[in-house]
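The residues making up each chain are set out below.
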Amino acid sequence: MSPFLSIDDVSRLFGPNLTTGEKIAAKLGSKVETRSVRAVSDVTLSVRKGETLGLVGESGCGKSTLGRLIAGILPPTTGSVTIDGKPVMEKGTKVTTRVQTVFQDPFASLDPRMKVGDTVAEGPIAHGLTTKGQSRDYVAGWFERVGLDPDWAVRYPHQFSGGQRQRIAIARALAMQPDVLICDEPVASLDVSIQAQIINLFLELTHDLELTCVFISHDLSVVQHVSDRVAVMYLGRIVELGPVNEVFGTPAHPYTSALFGSVPKLVLDADELVHFETIDGEVPSPLSPPSGCYYHPRCPLATELCSGQQPATQGVTELRAVACHHFEQQLAKSTA
Amino acid sequence: MKNASTPLGRFWAEFRENRVAVVALAVVVLLMLLALFAAFVSPQNPYDMANLSLMDSRRPPGFVGSGGYTHLLGTDPQGRDLLSAIFYGLRISIQIGLAAGIVSLSLGTTLGILAAYVGGRVETLIMRAVDLQLSFPAILLALVIVALLGQGKAQLIGALVAAQYAYFARTAYGAAKAERGKDYIEAALATPMSGRLVVLRHLLPNCTPPLIVVATVQIANSISLEATLSFLGLGLPVTEPSLGMLISNGFPYMMSGRYWISFYPGVALIILIVAINLVGDQIRDQFNPRLRK
Amino acid sequence: MTTPVLSVKDLKTHFFTRAGVVKAVDGISFDLAEGEIMGLVGESGSGKTVTGFSLLGLVDAPGRIVEGSVKLKGTELTTLSTGELRSRRGRDISMIFQDPIATLNPMLTIGQQMRMAIDAHERLGARASEARAAELLTQVGIPSAKERLRAYPHEFSGGMRQRVAIAIALLHRPAVIVADEPTTALDVSIQAQILFQMRDLARETGTAMVWISHDLAVVSSLASKLAVMYAGRIVEQGPTATLLRDPRHPYTAGLIASLPAMAAPGTPLTQIPGTTPSLLSLPEGCPFAPRCDRATDTCKTDPSMTHQDNRGWRCFHPVTRTAEVPA
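Going down the list, the protein sequences come from chains Y, F and B.
Numbering of the first sequence is given in UniProt numbering, commencing with residue 1 and proceeding in unit increments.
Numbering of the second sequence is given in UniProt numbering, commencing with residue 1 and proceeding in unit increments.
Numbering of the third sequence is given in UniProt numbering, commencing with residue 1 and proceeding in unit increments.
Just chain Y, with the same shape it has in the complex (with noise of 0.2 angstroms):
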C-alpha cells in the first residue's frame, strides 16, 4: 500500500502583514510586531487511496491551515505536497484539479450572485471536462449524486437552506472529479439534525468514489465516526497520529488524551452530574511558543527534558506515531 496522497515535511510561516508605514516605524525602534507565526511545522504525512485522515486540534493549531496547503489554495513555506507523485502547486500556482475543497461556511463559499448550477459547472467547463452545451445535464447528474433536485440548478443561493447549500458545495467539489477531497470543518456551521445528513453522504460518497479524504474538524465524535486515521495538532505539529480508534480509546499524547477528555459525553447513565477532564491554562501564542515541547506548561507529565528538548516523532506500533517524551507513560495511563 503505497502512499497516494503525500505531505513532505511541509511548513507554512505567515509573516505580520506591514505597511510602509509600519515598517518604517519599526526601523526607528517603534514596537511592531515583526515576529512571523509557523502555522505549521514540519509535517509529514501519507495518506493511502481510499482513506480518510481525521484532522483534529483546537482553533489556531494549524490545521485549517494545513488543509489549504494540501488543497493547494496556499503555498507551503517548506516542503511539498504531491498526489500520486505529481505536485499540487508548482511556483506557488495550482496546477492539478485532483484535490478538491468543500468549506466550512456554506453561506460564504458560494458566490451570491450566481446561479448555483453556473457555480458546479463553471469549473468542469474551464477544464474541459464537460461542455458548456452539456454541461445542463452535467451538472443534473451530480446534483442527484448529492441528493439535490435538479430543477433547483437554476436558483441563486439564498433560496436554499444550509444543509443544502452545504450539498452544493460538495457537488461543486465533486464535479471537479477529484481523487482527493479535502473537508474543512464542512458540518460545524449545520443544525445538528442536518449534520447527520451531510456526514452520512460524505460516508456514501467517499465509498462509492473511491475518494481519498482529509478531514478538518474540532468536533471529535464527528471525526471518529468518518475517519480511519486521524492526526491529531497542536499549535502547527502534528503531536499524534494513528487509527482513530486506537487514537482516542488509548491516548499515546498526554494532549490527545486531554482534548478527549473534555469533549462533553452524552450524559445518560447518571443522574448525578458527571465530573469531566479539564485542561489547564490556555493555548500559548503562537508567536512565542514555549520552549521543547509546546505541550509541556499544560501537560501533567512534563519533566525538565520536556522543557529543554523538542520530542521527535517515534512509532508506538507500526500504525502508530506520537511526539512525546513520556508516551509510555501516557500510554499505561490509558489502558489503566
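Worth flagging that the hints you see were computed from the coordinates, not collected in a lab.
This structure is a prediction, so every number in the text was calculated from the model and none was measured.
Fair warning: there could be bad hints in the mix.
Stretches of chain Y that chain B covers, calculated by requiring three or more beta carbons in the stretch to come under 8 angstroms of a beta carbon on chain B [unchecked claim]:
id, region
1, 64–77
2, 145–152
3, 244–258
Computed cross-link-like contacts, EDC-like style, restricted to lysine to aspartate or glutamate with a CA-CA straight-line distance of at most 20 angstroms [unchecked claim]:
id, chain 1, residue 1, chain 2, residue 2
4, Y, 265, B, 246
5, Y, 265, B, 76
6, Y, 49, Y, 208
Ideal placement from N, C-alpha and C gives every residue a C-beta, glycine not left out.
Given chain Y's structure and the hints, the job is docking chains F and B onto it.
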C-alpha cells in the same frame, strides 16, 4: 410581498415599497425621455437661428411670440423659448453626466479591482495615486483640466472623469478587498480557475452594488459639476447651451425682475439632481443590510 | 417543591414583519428553582434565543411579547415599564451572550466596565468595587485578577473574555442568568473549564440558569432538566437523564439518535429527513409532522402538552420504547 425569485425581481419588489423613490424614479425617467425626445416635444428648435427673433427676447412666461405660440416659461436674451431651451439643455446635461459617469465608473472600477486583486506594489501605486487625487477638491481639478484642454464636449467629459474616477476606484477597491477574502473566491481559485475568470465572473458582479450607488450619486455630481463649469463660462461653447449655461445667461437679468431666465433652468436642474439622489438613496438603503428592517 | 424563582407561563413572542407574523416563541411554559440549571435545546430558528431575550424583556421591534407571563421571584416582568425592567436587569436577572467580543466595550478596561456594571445598581466606593470585581474575576477562574482589571478586552483570549462576561453577569448575584450559547465559540478544552465552573457557581451561589444551546452533549453534562424547542414551542421537557435516556417526542429521539456517538464508526447515522420549517409558513398541526415517520392524519391537528410525572411532551404518537444506548 411578491415571491420574486430573480435578484432583480426581488430588488424591484423592495424598491416599489418606497413611494418617494418610485416618484423620483418616474421623474428621472420622464426627464430622460424629455431630453431624448427634445426635438419632438419642444415647441421650437432653440438652435435654429432662423426661428429666433430678437423681438421675442426676455419675454415673461405666457407671452405669445412672433412664432405664434405661447412661451410657457418665457424667453431668454436671444429670444429662445425657455421651455425648449430647457429640454435641449437637459439633453446636453444628461448626456455629459451619463458619459462622464460611465467612463469614470469603468476606469475607476478597473483600477480599484486590479489593485485589490493583484495587491503588492500595484496596489500601493494605484491606491496612493487615488488618495492623492481625493485630497483635491473635484471642482478645482476639473477647472484646471478644462483650462488646460480647452472647451468642447470631449474635453469636458475628460475633465469630469479625471475629477471623479477616484471615487469609483476607492469604492471598487474597498468592495473587492472585502470580497477577495471570502470563501467563494477562494473556492473558485482553488478549482483552479484562472484569475481573469474569477475577477470577471465572481469579483466584479459582487462589487457592483456599492458601485451602482456611487454611480447614481456621481452622475448627479457630474451634472452639477458640469453646470458649475458652464456657469463659470468654462464648460461648453455657447452654441450648445446646457442647463448651467442657461442659468448663466439669465443671471445678469436676475436683478431687473426677469427672474425666469435663470429660475426655470435652475428648477429643472434641481429637480433632476434631487430625483437622481433620491433614487440613489433608496438603492443604497436596499444594498445596506444594516439599514434593513 | 419550593416556589420557583422563575416561572414562565404560555409565553408568546411574535415578530410583525412585512412578510407576515413570525411566531418565534409560541406558547412556552417552564419553572426554574433556585440553583437549578435548565438546558434549552433547539436548532437555529427554533426560538431558543428569542426566548432568552424575552425573559429579559430585550425583544426589539418589530417583535413583542403578545401573551403570557414571566414571573421572577413572584414579580410579573412582562407588565413592567422599561425603566423598572432596566433596574432589574443585571441585578435580578442577567444574560451572557455567545460572542463576548460584542458585549465588551473595546475602549474601556475590564475594571472600568465592571465598575460601571456595579454602579448601575449599587453605590460602592472605588476601592470596594475594585475588590468586588477582582473577587468575581478570581471566582470565574481569571488568574491575577487585580492586575487584569487594568487590561483592555483585546488583551484577553476568547475564553478569558467570556469569563469576564460571566463575571459581569454575576456581579449582583442575580437570581437567574440566561446564557445564550456562551461556549459555542470556544475551544473544547476551554468550554470544559467554563462548564465545570458554571456548575459549581450555580451550586454555590444558588443562581438559577437557563442554558441555551444547540448541543445536547453540552447541556447534558450541565443541566438538571431540559426543554427541547422546535418551531417556537417546547416539544418536550423533563429531567435531563430521563429525557435523554427515554425520549418521548420523535424529534428529541431523532436528535439523540443522529449523534455520531450513537452509531458504529463508518456506518450511516440515523438522520432526520428534511429541513427545519420556516416560521413564516409552518405546516398545519404539529410542525414536526412532515419530517416525522410516526406522523398520521391525527397530526394535522395541534398536539397539546401531555404531562406525566415530572415531564411532558407534545406528541400524539410518543416514542415509548426505551432508546437503545451503546455502552
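Evaluation of the provided hints:
Only residues whose beta carbon comes within less than 8 angstroms of a beta carbon in chain B count, and the region 64–77 of chain Y has 0; fewer than three means the coverage is violated. A count of 0 residues in the region 145–152 of chain Y with a Cβ less than 8 angstroms from any Cβ of chain B is obtained; the coverage claim is therefore unmet, three being the minimum. Counting residues of the region 244–258 of chain Y whose CB lies closer than 8 angstroms to any CB of chain B gives 3, so the stated coverage by that chain holds, three being the minimum. With a CA separation close to 17 angstroms, the supplied pair residue 265/Y and residue 246/B stays within the 20 angstroms bound.
Between residue 265/Y and residue 76/B the CA atoms are separated by roughly 37 angstroms; this puts the pair beyond 20 angstroms, and the hint is violated. Between residue 49/Y and residue 208/Y, the direct Cα distance comes to roughly 13 angstroms. Compliance with the 20 angstroms bound is thereby established for this hinted pair.
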